[in-house]
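Chains F and E, in that order, are what the protein sequence lines are. Just so you know, our numbering puts 524 at position 35 of the first sequence, and the rest follows in order with no gaps. Just so you know, our numbering puts 200 at position 14 of the second sequence, and the rest follows in order with no gaps.
Just so you know, the hints here were simulated from the structure itself, not pulled from any lab data. Cβ atoms here follow ideal geometry from the backbone N, Cα and C, with glycine treated the same way. Misleading hints may appear alongside valid ones.
Negatives, chain E to chain F, calculated, CB over 12 Å [to be verified]:
| no. | residue |
| --- | --- |
| 1 | Gly202 |
| 2 | Asn208 |
| 3 | Ala231 |
| 4 | Gly288 |
SDA-like cross-link-like pairs, simulated, lysine to any residue; straight-line CA separation at most 25 Å [claimed, not checked]:
| no. | chain 1 | residue 1 | chain 2 | residue 2 |
| --- | --- | --- | --- | --- |
| 5 | F | Lys498 | F | Pro528 |
| 6 | E | Lys228 | F | Gly505 |
| 7 | E | Lys191 | F | Thr588 |
| 8 | F | Lys498 | E | Gln223 |
| 9 | F | Lys498 | E | Lys257 |
| 10 | E | Lys257 | F | Met530 |
| 11 | E | Lys191 | F | Met530 |
| 12 | E | Lys228 | F | Leu598 |
| 13 | E | Lys228 | F | Val501 |
| 14 | E | Lys228 | F | Ile586 |
| 15 | E | Lys228 | F | Arg566 |
| 16 | E | Lys201 | E | Glu245 |
| 17 | E | Lys191 | F | Ile586 |
| 18 | E | Lys191 | F | Glu589 |
| 19 | E | Lys254 | E | Lys228 |
| 20 | E | Lys191 | F | Gln574 |
| 21 | E | Lys191 | F | Ser556 |
| 22 | E | Lys228 | F | Ala491 |
| 23 | E | Lys257 | E | Lys228 |
| 24 | E | Lys257 | F | Ile586 |
| 25 | E | Lys191 | E | Pro220 |
| 26 | E | Lys228 | F | Pro564 |
| 27 | E | Lys228 | F | Gly542 |
| 28 | E | Lys228 | F | Pro497 |
| 29 | E | Lys201 | E | Pro238 |
| 30 | E | Lys254 | E | Lys201 |
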Amino acid sequence: NAGVTQTPKFQVLKTGQSMTLQCAQDMNHEYMSWYRQDPGMGLRLIHYSVGAGITDQGEVPNGYNVSRSTTEDFPLRLLSAAPSQTSVYFCASSYIIGTEAFFGQGTRLTVV
Amino acid sequence: QQQVKQSPQSLIVQKGGISIINCAYENTAFDYFPWYQQFPGKGPALLIAIRPDVSEKKEGRFTISFNKSAKQFSLHIMDSQPGDSATYFCAAQTSGSRLTFGEGTQLTVNP
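Chain F extracted, bound-state conformation (with noise of 0.2 Å):
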C-alpha cells in the first residue's frame, strides 16, 4: 500500500520558472492538502481539496494554483517561481476533512 506518493523528491527552479508537484492517494481519501514546512513557522496549509472537482484556498495560496480532476491525484503548480517559494512541500490526505492526515515524504524545493 503506497498511501501518499509526492514527486519529485528534489528540485531547484530557477527564478520564474514554472513547475507541477505531484501527490497521489491510493487510499480513496475524499480529503487533500498542501503544505509548505518553513523552519520555525510549522506547516502552513497552502491549498486544499473536498474532493475530485472542489478546490479552496488554505492561508499562503499566492503564487500556487491547484485542481482535483481525480480522486487520486492532486497536483501543486507553481506558475512563476520566486525564491520565496523555497520551502519544503507536504501533500496529505485524509478519508474526509477533520480526520487523521497522512502524509507524503515531501518535495524539497530551492529556487535560485
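Chain F is fixed; fit chain E onto it per the hints.
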C-alpha cells in the same frame, strides 16, 4: 495568524529523561488535538491525539495532558530514547475543518 502556539522550539534531553512540549490554542471551538512526529527526510505521521472530554491520554511512553480551562495541552515523552529524536508538531481542529499546526519542536535525545 497562528492559532496554535508551541514551545519550546528546540529541546535537548538525556536518554531516560522526560521530554515535555507545550501548546496553547485560542479557538475554543477546537475539539480534536493531535500530535504529529516527523523524522528527518520524512513526512509527519500521527503519534497520538486527544479530544477535550478527557484530561489525559497515554499510549506507551507518550502522554497528552489537556487543560481545557487554560486552553493548553502538552506532550510528555517518558524514558526518552535517542530514537525519539524528531520534530514534533501539535495541531488542533474542529469537526469538518482543517488542521492548524503549531510551529514545531525539534527534540534531540542524547545517548
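These are the hints, each one checked on the structure:
no., hint, result
1, Gly202, "29 Å, holds"
2, Asn208, "14 Å, holds"
3, Ala231, "7 Å, violated"
4, Gly288, "6 Å, violated"
5, F:Lys498 x F:Pro528, "18 Å, holds"
6, E:Lys228 x F:Gly505, "28 Å, violated"
7, E:Lys191 x F:Thr588, "21 Å, holds"
8, F:Lys498 x E:Gln223, "20 Å, holds"
9, F:Lys498 x E:Lys257, "38 Å, violated"
10, E:Lys257 x F:Met530, "21 Å, holds"
11, E:Lys191 x F:Met530, "10 Å, holds"
12, E:Lys228 x F:Leu598, "15 Å, holds"
13, E:Lys228 x F:Val501, "19 Å, holds"
14, E:Lys228 x F:Ile586, "22 Å, holds"
15, E:Lys228 x F:Arg566, "22 Å, holds"
16, E:Lys201 x E:Glu245, "19 Å, holds"
17, E:Lys191 x F:Ile586, "22 Å, holds"
18, E:Lys191 x F:Glu589, "21 Å, holds"
19, E:Lys254 x E:Lys228, "32 Å, violated"
20, E:Lys191 x F:Gln574, "24 Å, holds"
21, E:Lys191 x F:Ser556, "31 Å, violated"
22, E:Lys228 x F:Ala491, "14 Å, holds"
23, E:Lys257 x E:Lys228, "30 Å, violated"
24, E:Lys257 x F:Ile586, "23 Å, holds"
25, E:Lys191 x E:Pro220, "14 Å, holds"
26, E:Lys228 x F:Pro564, "19 Å, holds"
27, E:Lys228 x F:Gly542, "29 Å, violated"
28, E:Lys228 x F:Pro497, "14 Å, holds"
29, E:Lys201 x E:Pro238, "31 Å, violated"
30, E:Lys254 x E:Lys201, "31 Å, violated"
Of the numbered hints given earlier, the model fails hints 3, 4, 6, 9, 19, 21, 23, 27, 29, 30; all others are met.
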